[in-house]
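J.: Chain residues, written in single-letter form:
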Amino acid sequence: MRPIVSLYIAVKYIDSSRMLDRELKKGSTELLVLSVLQYRQRHGYEISKLIEERSGGMLKFKVASLYPMLYRLENRGWLQGRWVEKAGERRRRFYRITAEGRKVLKAQQNTWDEFVTAINRITGMEHA
Amino acid sequence: MPDFKPAIRERLRDAKLTPTREMEIIDEFEQHLADRYNEILAERATEAEAYKGALAELDEADFTRELQRAEWLYAEPVAPGTEHGTILSSVWQDVRYAARTLRNTPGFAVVAVLSLALGIGANTAIFQLLDSVQLRSLPVKDPQELALVRIADRSWSNGQFRGRYSHLTNPQWEAIRNQQQAFSSIAAFGFNSFDLSSGGPVRIAHAMLVSGDLFNVLQVTPIAGRVFTANDDRRGCASIPAVISYGFWQHEFGGKNAIGSTLHLDGHVAEVVGVTPPNFYGVEVGRTFDVAVPICSEKILAGEDSVLDRRHAWWLAAMGRLKPGWTLEKATAQLQAISPGVFQSTVPPVYDVDGIKHYTAYKLAAFPGGNGVSSLRLDYEQPLWLLLGIAGLVLLIACANLANLMLARATSREREVAVRLALGASRKRLVRQFLTESVLLAIGGAVIGFLLAQTLSRFLVRLLATTRTSPVLDMGVDWRMLTFTTALALLTCMVFGLAPALRATRSSPAALINANGRGMTASRERFGMRRILVVAQVSLSLVLVVSALLFVRSLHHLLTDDGGFQESGVLITDVDLTRLKLPVERRSPFKDQLLRNIRAVPGVEFAAEANIAPLSGSSWKNLIEGWEGKGIEGSVSLNRVTPSFLAVMGTPLLAGRDFNEQDTAPSPPVLIVNEAFAKKYFPQQSPIGKTVKMSADVGEARPLYEIVGIMKNSKYSDVHDDFAPLAYVVYSQESKPDQYTELMVRSNLPLETLTDAIKKTVAETNPEIAIDFHVLKTQIRDGLVRERMLAALSGFFGLLAALLATVGLYGMISYMVARRTNEIGIRMALGARRGDIVKIILREAGLLLGSGSLIGAALALAAGRAASTLLYGLKPHDPLTLGASILALVMVGTIASVLPAARAARLDPMVALRVE
Numbered sequence: 001m002r003p004i005v006s007l008y009i010a011v012k013y014i015d016s017s018r019m020l021d022r023e024l025k026k027g028s029t030e031l032l033v034l035s036v037l038q039y040r041q042r043h044g045y046e047i048s049k050l051i052e053e054r055s056g057g058m059l060k061f062k063v064a065s066l067y068p069m070l071y072r073l074e075n076r077g078w079l080q081g082r083w084v085e086k087a088g089e090r091r092r093r094f095y096r097i098t099a100e101g102r103k104v105l106k107a108q109q110n111t112w113d114e115f116v117t118a119i120n121r122i123t124g125m126e127h128a
Numbered sequence: 001m002p003d004f005k006p007a008i009r010e011r012l013r014d015a016k017l018t019p020t021r022e023m024e025i026i027d028e029f030e031q032h033l034a035d036r037y038n039e040i041l042a043e044r045a046t047e048a049e050a051y052k053g054a055l056a057e058l059d060e061a062d063f064t065r066e067l068q069r070a071e072w073l074y075a076e077p078v079a080p081g082t083e084h085g086t087i088l089s090s091v092w093q094d095v096r097y098a099a100r101t102l103r104n105t106p107g108f109a110v111v112a113v114l115s116l117a118l119g120i121g122a123n124t125a126i127f128q129l130l131d132s133v134q135l136r137s138l139p140v141k142d143p144q145e146l147a148l149v150r151i152a153d154r155s156w157s158n159g160q161f162r163g164r165y166s167h168l169t170n171p172q173w174e175a176i177r178n179q180q181q182a183f184s185s186i187a188a189f190g191f192n193s194f195d196l197s198s199g200g201p202v203r204i205a206h207a208m209l210v211s212g213d214l215f216n217v218l219q220v221t222p223i224a225g226r227v228f229t230a231n232d233d234r235r236g237c238a239s240i241p242a243v244i245s246y247g248f249w250q251h252e253f254g255g256k257n258a259i260g261s262t263l264h265l266d267g268h269v270a271e272v273v274g275v276t277p278p279n280f281y282g283v284e285v286g287r288t289f290d291v292a293v294p295i296c297s298e299k300i301l302a303g304e305d306s307v308l309d310r311r312h313a314w315w316l317a318a319m320g321r322l323k324p325g326w327t328l329e330k331a332t333a334q335l336q337a338i339s340p341g342v343f344q345s346t347v348p349p350v351y352d353v354d355g356i357k358h359y360t361a362y363k364l365a366a367f368p369g370g371n372g373v374s375s376l377r378l379d380y381e382q383p384l385w386l387l388l389g390i391a392g393l394v395l396l397i398a399c400a401n402l403a404n405l406m407l408a409r410a411t412s413r414e415r416e417v418a419v420r421l422a423l424g425a426s427r428k429r430l431v432r433q434f435l436t437e438s439v440l441l442a443i444g445g446a447v448i449g450f451l452l453a454q455t456l457s458r459f460l461v462r463l464l465a466t467t468r469t470s471p472v473l474d475m476g477v478d479w480r481m482l483t484f485t486t487a488l489a490l491l492t493c494m495v496f497g498l499a500p501a502l503r504a505t506r507s508s509p510a511a512l513i514n515a516n517g518r519g520m521t522a523s524r525e526r527f528g529m530r531r532i533l534v535v536a537q538v539s540l541s542l543v544l545v546v547s548a549l550l551f552v553r554s555l556h557h558l559l560t561d562d563g564g565f566q567e568s569g570v571l572i573t574d575v576d577l578t579r580l581k582l583p584v585e586r587r588s589p590f591k592d593q594l595l596r597n598i599r600a601v602p603g604v605e606f607a608a609e610a611n612i613a614p615l616s617g618s619s620w621k622n623l624i625e626g627w628e629g630k631g632i633e634g635s636v637s638l639n640r641v642t643p644s645f646l647a648v649m650g651t652p653l654l655a656g657r658d659f660n661e662q663d664t665a666p667s668p669p670v671l672i673v674n675e676a677f678a679k680k681y682f683p684q685q686s687p688i689g690k691t692v693k694m695s696a697d698v699g700e701a702r703p704l705y706e707i708v709g710i711m712k713n714s715k716y717s718d719v720h721d722d723f724a725p726l727a728y729v730v731y732s733q734e735s736k737p738d739q740y741t742e743l744m745v746r747s748n749l750p751l752e753t754l755t756d757a758i759k760k761t762v763a764e765t766n767p768e769i770a771i772d773f774h775v776l777k778t779q780i781r782d783g784l785v786r787e788r789m790l791a792a793l794s795g796f797f798g799l800l801a802a803l804l805a806t807v808g809l810y811g812m813i814s815y816m817v818a819r820r821t822n823e824i825g826i827r828m829a830l831g832a833r834r835g836d837i838v839k840i841i842l843r844e845a846g847l848l849l850g851s852g853s854l855i856g857a858a859l860a861l862a863a864g865r866a867a868s869t870l871l872y873g874l875k876p877h878d879p880l881t882l883g884a885s886i887l888a889l890v891m892v893g894t895i896a897s898v899l900p901a902a903r904a905a906r907l908d909p910m911v912a913l914r915v916e
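First to last, the protein sequences are chains A and B. The first sequence runs contiguously to residue 128 in our numbering. The second sequence runs contiguously to residue 916 in our numbering.
Derived from the structure by calculation, the hints contain no laboratory data. A few of these clues could be false.
As the list claims (entries may be wrong) - EDC-like, lysine to aspartate or glutamate: derived pairs with alpha carbons at most 16 Å apart:
| no. | chain 1 | residue 1 | chain 2 | residue 2 |
| --- | --- | --- | --- | --- |
| 1 | B | K363 | B | D153 |
| 2 | B | K591 | B | D738 |
| 3 | A | K60 | B | D738 |
| 4 | A | K62 | B | D153 |
Said to hold, decoys possible - What the simulated footprint calls covered on chain A by chain B, stretch by stretch (three residues with Cβ under 8 Å from a Cβ of chain B suffice, anywhere in the stretch; the number is not a length):
| no. | segment |
| --- | --- |
| 5 | 28 to 35 |
| 6 | 55 to 65 |
| 7 | 84 to 96 |
Unchecked claim - Using C-beta positions, here's what the derived DEER-type ranges look like:
| no. | chain 1 | residue 1 | chain 2 | residue 2 | range |
| --- | --- | --- | --- | --- | --- |
| 8 | B | E49 | A | Y39 | 51 to 61 Å |
| 9 | B | E416 | A | Q38 | 23 to 33 Å |
| 10 | A | R91 | B | P909 | 26 to 36 Å |
| 11 | A | E114 | B | R44 | 38 to 48 Å |
| 12 | B | M494 | A | Y39 | 38 to 48 Å |
| 13 | B | E416 | A | R54 | 19 to 29 Å |
| 14 | B | P2 | A | R54 | 37 to 47 Å |
| 15 | B | R21 | A | E114 | 37 to 47 Å |
| 16 | B | P2 | A | A87 | 36 to 46 Å |
From the three backbone atoms N, C-alpha and C, an ideal C-beta is built for every residue, glycine too.
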């Protein structure tokens, strides 16, 4: 039985391996940003803090890497940024996810899940 | 709170953002850094530590690149031409932008595309025709191995010549076939036409008489039945097998099985044995054959007129396939070696000693045969090359026009370029955009030109058609030519689209913006280039106008010059009596009766018979051996006619009498001669009553003819010929009347209505008589196809060239006026009158026209020589034509320059001074 199961996994992995590789390098950070904007709009500082907190300090974004990415996502039409002014405060730029961004997020989550499942099955099998 | 702005600005410097965008980003970053600063402070750090920690946020190795990458997508460039995006997306953007720009100046775009299209279309069409007539090989296997065999230098010849390719006699062909060693297979062919009908109006089939090996030489495989073999072409063959062409099979048999069917060829039964493939049109370019029959069947088909054994009847051509390894030179050497044997064994018995000497000195040679034979080629090769040259000049003029337009446009767009450079467009990108516009124009011109070429080439083939024949030519698209002309157009567009772009982008934007509109007389350099272009256009178009006028006047001469007869109202009826099988002695009485019947037809004013229909291209010549005791002195054209032939033709009799009933076989032979004859042989005296002796074949009598009348000079065989000595003999004194004749009728009735009456009368006389009608006037017109084509096309191109040059000149002068508006304002403010302004402008135009005409006249004189043989009634350096052309061009050019000059003169000085 075992050889057959492992064969299935191997095929599955090869199918999406190329995509995963690219996603891992670059897309995962986009996935993180899209995820934290899933339910409400936030400004840049808030986004960076949230990612840092939720990853337990593992992932940190500097200004110099966060904003180019935000602009890029905005230009792709996945995010929408707008300046919000409140009385007595400086204006801030808030980002919210667009409908297209949601689609991308969903697709990326699925890819990620598949990858994690695959990893888990391989590593799980070693333990079994 | 420290100020982070300077640090952020410093960090953003390399990203080269637009000022607005940079402000925004600084705002956003500063907010972030402030938050981070406060956060670090809250962790009990010092202010200095917090400041340092906040600034560390800006450290990232590829920040500038990442930011730029994000930003390219962000901003639609303020000025089109800013570097961003992928190559493809920017190319697409360039194309859209170029299309939009061209749409904004539709006048420019239309003139540019159309002038290119006309140039490309005309060249492609004419080259296609030239290619199909001149350059293309026969549609057979390995055409380069084919060679034609004929006498190398046949400057002396004598005998009966039949058909368009009378290279050889049948006895010669048989000798060559038996003795040659150069060809793996060799075949002969001759052309003829047969009547398919069984009496009454003829239905013509174009036939090839071929030796058994022809299809083998050409390696043509039939699509049905079989082709001939050597067995079909044996001396004394009793039946006539026929191989028919695909086209004939389609319209005669509707594509149904035809093998075994019978055809009537001049009343003889032939059996269809095979059908050739659709792409095989025979061996003659420009004509397709209907039926092929073996040479041996000529004996059956022609009966007593058979030329098979007649040693002075030239009617065949020979073509062979070279043996592997044999070249034309080697084949020629072998043919020369067998020549003495071939000619000595086939000496025509009718030749005298002198003739035999010439005949036996003939040498055979091999000539390239891959292109087949073509009378079309002989007639049209020179005019077509000439027309291609003319079309090439048109293309050049079109390119010059285009270049001029593009230069003008580029100058007027200098400011646009400057603004876009100032707004951040890159130089490279701007150049690319100018190029895209050029390429778009060239592609537009090529596409329309291609469509135009298709229409034009069909029109050209129709121009070559006469009322009786229309050339069958494969006018497939010639991609080589289309590519060449398109490449030329593209090159022109690129060079002249690019040069201004490069120059405009080299200068500093600020200088350009400042300079624009304030140019007093604009840059000398740019005007210089445009002047040269206009002068080139004027001079080249003068060449074309001159050639157009030459050809049109030449055609006019041919149509209107007095040919010595009245062409209107003459109907010619070809009469073939062969099916009646009349014995020799019954022929004359029968023909006389037929003529009397025709004369009785209502509406017939005069009717006569002639051996040769005038201006049909046929001719009969003989030598005058002597008169009044003098020796041989040259040749004379002859015709055999009945009384009142001169009345039918409308040729006046100047002295003496017409033939009459008293001129019979026993009475002394009589002759009517023309003025040229009288002048040549009887200068300063009346030839009436004088006698001349005609040459005759060996063994035949040489009678003395008495001249009884002098007629006005008239054209004989071809309208192009000059008046030459011509003499008429009378039918009633002919001892061996033949079975063919031309019935000539003059009538005031419309000739179409007359044909029915004549058909009826002929059928009543004998239903077996085969007849065919020609109208003299149409026949003459058909002989002028080449002149008509030259006149029509060169006229069209001449007009086109003049139009293009005028547009160019008008554009140049208008543009100059626009650029010098300031200057004109100043001049007027300083007291110049309107007349002075007009003078300044017209002086410029006059200079351009004058120098253009001068160069053009020199070119036209030099180029005229190429056309000299195609002209009739005038010389290539005809001063009237040259003068008229220059006058016309200068007049049109002046009108084109007066308009902008008048506009300049109407300018209000105050407005002119303010113009930017």
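J.: Confirm or reject each hint.
T.: Evaluation of the provided hints:
no.	hint	verdict
1	B:K363 <-> B:D153	holds (7 Å)
2	B:K591 <-> B:D738	holds (10 Å)
3	A:K60 <-> B:D738	violated (116 Å)
4	A:K62 <-> B:D153	violated (97 Å)
5	28 to 35	violated (count 0)
6	55 to 65	holds (count 4)
7	84 to 96	holds (count 4)
8	B:E49 <-> A:Y39: 51 to 61 Å	violated (35 Å)
9	B:E416 <-> A:Q38: 23 to 33 Å	violated (47 Å)
10	A:R91 <-> B:P909: 26 to 36 Å	violated (56 Å)
11	A:E114 <-> B:R44: 38 to 48 Å	holds (45 Å)
12	B:M494 <-> A:Y39: 38 to 48 Å	violated (57 Å)
13	B:E416 <-> A:R54: 19 to 29 Å	violated (53 Å)
14	B:P2 <-> A:R54: 37 to 47 Å	violated (30 Å)
15	B:R21 <-> A:E114: 37 to 47 Å	holds (39 Å)
16	B:P2 <-> A:A87: 36 to 46 Å	violated (25 Å)
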